[in-house]
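Using the hints, build the complex out of the two chains.
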Amino acid sequence: MKHDILLISPQDNVGVALADIPRGGKARISTGERVEAVDDIPYSHKMALQDIRAGEPVRKYGEEIGRAQTDIPRGSWVHTHNLKTGEQ
Amino acid sequence: MAGHTFRGFIRPDGSAGIRNHIAVIPTVSCAAGVAANIARAAPPAVPLLHGHGCGRALEITMHHQVLAGLGRNPNVAAALVVGLGCETVQASSVAGEIAKTGKPCELLVIQEQGGSRKTTEKGIEIVSRFQKDAQALRRSECPVSRIVLGLECGGSDAFSGITANPAVGLASDWLVGCGGTVVLTETTEMIGTEHILSRRSAGPEVAERVEQVISQARRRTHDILGPLASCVIAPGNMDGGLSSIREKSLGCIVKGGGTAVTQVVDYGQAPAKKGLVIMDGPGYDMESLAGLAAAGCQLIVFTTGRGTPAGFPLVPVIKVASTGRLYELMEDDMDIDAGGVLDGGSLEDIARDLRTLAVEVMNGGPTKAERNDQNGVVCLAAMTPAF
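Residue numbers (my numbering), protein chains in the order written: chain A, 1 to 88; chain B, 1 to 387.
The following block holds chain B by itself, in its conformation from the complex (with noise of 0.2 Å):
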């Protein structure tokens, strides 16, 4: 497994970016217009807009880690921090653990600044000299250990589990057999798996946390939804012949591949361990994106039965079609087409075509998404109401 390899941005801290962004970072959703013109008027740097960074309680230091991430992310060459001033979420401190990874970042606070306009100038003068230097910057020899992969499922449909997901992890345990680390996530999806994935745990006390996560997960879908529960994790509302939740659920961590479970952590968290990470998160798509952006994922596997466009500002998206007919219809925005494997081709082959454009896409090759500007807003995870 040895040997395959990449050509990324060596990074300050030592980590590899398969893209060389200019991230600019609204701390607030206040300062998100003035972020949003900065990146305008200095293409192409990614404004990283969201709605939140204030007016919640118990996600200030959620929120915190997961925007320090984005910006920490080994595809940002540097970061640029808009603060407001008066938010919750402090744009000082964000700036401040961006810095730790040695990457040029700084930070602009509105209020102190004088306002919009004045914030805006002064970003664009800073933005402009960040892209010189990353233009400077040049791609070198990586060993494919480097990567962390996330992985995500959504809109899925009864192939899902027999076609797209199965392939990805053949692909999952190839990352993991070279090196590298995968991240699995969408803890609501694993339902039912609890004492299946606590035994292919590293530990007691990762089986312990697998666990943990997981009956969490339930028990929150139960208190939010009472009876609708059921719609979220019953068997019944997915028949097409799945007889248990358990099994349902299997059918989207197999994408994880069959290697131990070696880390759970939080949702945004970067993993500290190589091989198989499970991140806690909502199975909402658009969140789990942030969050596995904010972990530090330079690249992210998407399955679909349904089909989606959407993408992620910083991290390529290479989106995997359950069915040939998906793949035909939305061509547009499907990578890999793993409907091969009902007509008669095998997992294998769909994984193999899924690492060659893995590797592709790591040396700069656009994914579907990337080539469709697919950059919207980015969705961040929260638990409570606002105040």
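This is chain A alone, in the form it adopts within the complex (with noise of 0.2 Å):
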């Protein structure tokens, strides 16, 4: 079946829009699961699966890619304003 949020390792806590999703859509993860967005998630953007707190990791590739700034509640956008990546 069609998903419109890509998962792309089992350890991530964050999937890749494939589609602009609006708030309050009911987004099709590729792991068959749905999550409710509480943002718009535009295209190729990152939504949160999971309760991320503040100074936790966030998970791509199986990877951190950065900290939680903020509290992420699980349906969130994930990107700059929420994600402290440590880089110039």
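FYI, nobody ran anything at the bench for these hints, they're computed from the structure.
Think of the CB as a built atom: it goes at the ideal place given N, C-alpha and C, for glycine as much as any other residue.
You may find that some hints are simply not true.
Some chain B residues close to chain A (C-beta under 7 Å, calculated; not the full set) [claimed, not checked]:
# : residue
1 : G155
2 : A158
3 : I196
4 : E247
5 : L250
Here you go:
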């Protein structure tokens, strides 16, 4: 079945949107799960698939891509506004 | 994982070729015309035409190693080295390195043979003899652990890192699991992942080397490009959801899968270890392909989002398209469509298609680039100006 969010590695806590997902939309994850978007998730951007607390690692490709700057509830858009990457 | 095999040509040094080419290798571009004429008169000999071999100081050793490495590649049954005579990369030394593998290798030096026509005539004689001998060679059963697979990505798009590259990563893990070797290169595209790759290294020396080559690439990019460096290594340049350069680079290195990095080799240097090996090299596709071939890769997998017809004269190159749209647009050149991931397919499905095709190609099945005779110029990396 067609999914809207791709989970790249099973260890990841964010997935990649394969379509624009409006706030309130029930996104279908490649694992079969459904997660309600709490923000607008732009196409090819990341969505939190779990609640991520401030300071916790954000994982994509099975690796840490940065730390949550604030509490990030499941279904949120994850990008530079709430993800601290530690890079200039 | 054991039991996966292909039918290859066993070379005298024990390596296994998946092609049975006769290579004609000019050591300097001044000899390229003669090498081309020899190969043209004796098809299907493969001329490895390039623009280097002299005039540079710092690349002598590297280019020597790369040209010898191309001749040593297991896909080469026999090699003819054609030198001019006064070039800095000496033909006799390149031929000597190739001959150490035990495969037939001969040398012609144009200034000693008395010019281009005499050299060409002798070359045609030699190559024709090589061909007769090579035709008598037969494929035999080999474990896939004998394969050294090169990885390349070029003309990436927003999907390369989520479709084609992760699918290739699963295939890389499979090959490493079978005891084979995977070579990940393009150091520029590893910037930001130093600590990840060093943590995944097989020991402290490998880890140190990993950090060293990646920070060198970062420094070089800043030194040469100055403020323009951010065009190469900034996430803003590739937004579309990427939050950091590390995330962008992770989308590149995922091609190598998730196993430990066992060794770091220089551009064109053959790995001594099995498993996932990093080759320090440029991000320019065509130079990467030459480096991978010189390192002894018998097969290359090339992921692309924009599409490219490029192949390599000695080594089959399997092209993996990041989207169905690209696959349809350039079906002439694309071997695998990874875009199914966007339509509900799984990364495992794509990886399985790729493994099946890879074994077919190992057994002699042609890639699209081979069908299209994509045997263009060999691009050798160079870091300094000519003198």
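The hints, checked one at a time:
1. For B/G155, the shortest C-beta to C-beta distance to chain A is roughly 17 Å, which exceeds 7 Å, and the interface hint is violated.
2. At its closest, the beta carbon of B/A158 sits 5 Å from a beta carbon of chain A; the interface hint therefore holds under the 7 Å criterion.
3. At its closest, the beta carbon of B/I196 sits 5 Å from a beta carbon of chain A; the interface hint therefore holds under the 7 Å criterion.
4. At its closest, the beta carbon of B/E247 sits 5 Å from a beta carbon of chain A; the interface hint therefore holds under the 7 Å criterion.
5. Of the supplied interface hints, the one on B/L250 holds, with its beta-carbon coming within about 4 Å of a beta-carbon of chain A, less than 7 Å.
Hint 1 from the list above is the single one not met by this structure.
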